[in-house]
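Please construct the entire structure, taking both the sequences and the accompanying hints into account.
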Amino acid sequence: MSPTPVPQKSWQFTPEGDACIIIRFRQEDLDLQVSQLCLQAAQSIANANLPGISDIVPAFNCVGIHYRAACWGKTPFHNLCQALDSLLAQPSSPSGTAPDRTIEIPVCYDPEYGMDLESLASTLKCDIEQLIALHTSQTVRVFMLGFAPGMPYMGLLDTKMNVPRLTTPRPVIAAGSVAIANRQTVIYPRASPGGWHIIGRTPITLFNPERTPHTLLSPGDTVRFKAISKKTFTELKSKRHEHPGY
48 MSPTPVPQKS WQFTPEGDAC IIIRFRQEDL DLQVSQLCLQ AAQSIANANL PGISDIVPAF
108 NCVGIHYRAA CWGKTPFHNL CQALDSLLAQ PSSPSGTAPD RTIEIPVCYD PEYGMDLESL
168 ASTLKCDIEQ LIALHTSQTV RVFMLGFAPG MPYMGLLDTK MNVPRLTTPR PVIAAGSVAI
228 ANRQTVIYPR ASPGGWHIIG RTPITLFNPE RTPHTLLSPG DTVRFKAISK KTFTELKSKR
288 HEHPGY
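Position in the sequence shown counted from 1, then plus 47, gives you the working numbering.
Be aware that one or more of the hints could be misleading.
What the hints assert, rightly or not - Listed next, with one range per pair, are the computed distances between beta-carbon atoms:
(1) 173 / 122: 55 to 61 Å
(2) 111 / 273: 31 to 37 Å
(3) 269 / 170: 23 to 29 Å
(4) 122 / 271: 45 to 51 Å
(5) 170 / 120: 52 to 58 Å
(6) 158 / 258: 39 to 45 Å
(7) 133 / 214: 44 to 50 Å
(8) 170 / 57: 34 to 40 Å
(9) 78 / 176: 44 to 50 Å
(10) 158 / 116: 51 to 57 Å
As the list claims (entries may be wrong) - Derived pair list, reagent style DMTMM-like, types lysine to aspartate or glutamate, alpha-carbon separation capped at 20 Å:
(11) 273 / 132
(12) 273 / 174
(13) 284 / 151
(14) 277 / 176
(15) 207 / 165
(16) 278 / 157
(17) 121 / 63
For the record, the hints were derived by calculation from the structure and aren't laboratory data.
Just so it is clear, CB atoms sit at the ideal spot from N, CA and C, and this is done for glycine as well.
Right under this line is the structure:
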């Protein structure tokens, strides 16, 4: 992974309560370069081993830093911001960043699992086979994990797949459901509510608290989707299939 140059003062700090700082990069739209800045900043902070840092959470255009205030003197927010500001101003080296990983995710696009395939294809003015081809032909980047443990937000999809979320979310989406909205694609790791367009399902486990790491995917990973048959899906599901890279 080549480091993205960090422009001076391209970030700002905001407090989230008394134990978290948000480092916000100033571009609001989804952007792969801004995502790379967030990942690079998160890795640099992790490598620095600053005292009292309990968690580092990269997102679309910001990084959350959870910390123990007692480790940072009488003015912890101010003191930690100074340390972070100095750290972020330093150039990163490729050796200081996490290695690239490409993960292939099998997906069954059978209408039984892709309840929105037909309506979405109609909206996009294509047939179902073309919609599946669009989804499987692209490599997407994991921007962040959120909403549920291990749930990846990935993009950017082709501009043809820029559709809004459903007006009314569904109360329950099956675990493993693969969905799209707003040029992004997600996988629901557990049964949960959801408002995205469901186009298929994977038999792969994305979150397992009994394994280390707990999540298959991490921010910065790249993902490719591979279409599989309903028969293959059923076989893999019956074996509680774990991804070979997990």
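*asked:* Taking the Cβ atom of residue 111 and the Cβ atom of residue 273, is their distance within the range 31 to 37 Å?
replied: This hint holds: roughly 33 Å between Cβ atoms.
*asked:* Holds or violated: residue 278 and residue 157, Cα atoms, limit 20 Å.
replied: Holds: residue 278 and residue 157 sit about 10 Å apart, inside 20 Å.
*Taking the beta carbons of residue 269 and residue 170, is their distance inside 23 to 29 Å?*
holds, 27 Å
_Holds or violated: residue 273 and residue 132, Cα atoms, limit 20 Å._
violated, 42 Å
_Quick check: does the Cβ-Cβ distance between residue 173 and residue 122 fall within 55 to 61 Å?_
holds, 57 Å
*Between residue 284 and residue 151, does the CA-CA distance stay at or below 20 Å?*
Holds, at roughly 16 Å.
*asked:* Taking 51 to 57 Å as the stated bounds, is the beta-carbon spacing between residue 158 and residue 116 within them?
replied: Given range 51 to 57 Å: holds, Cβ gap about 53 Å.
*Using the Cβ atoms, figure out if residue 122 sits within 45 to 51 Å of residue 271.*
The hint (45 to 51 Å, Cβ to Cβ) holds, given that residue 122 and residue 271 are roughly 47 Å apart.
*Taking 20 Å as the top limit, are the C-alpha atoms of residue 273 and residue 174 close enough?*
Within the cut-off at roughly 18 Å; holds.
*Outcome for the supplied range 39 to 45 Å, where the beta carbon pair is residue 158 and residue 258*: Because 32 Å falls outside the window, the suggested range is violated.
_Taking the Cβ atom of residue 78 and the Cβ atom of residue 176, is their distance within the range 44 to 50 Å?_
Distance hint for residue 78, residue 176 is violated at roughly 31 Å.
_Does residue 165 sit within 20 Å of residue 207, going by the straight-line distance between their CA atoms?_
holds, 16 Å
Consistency with the previously given hints fails for numbers 6, 9, 11, ordered from lowest to highest.
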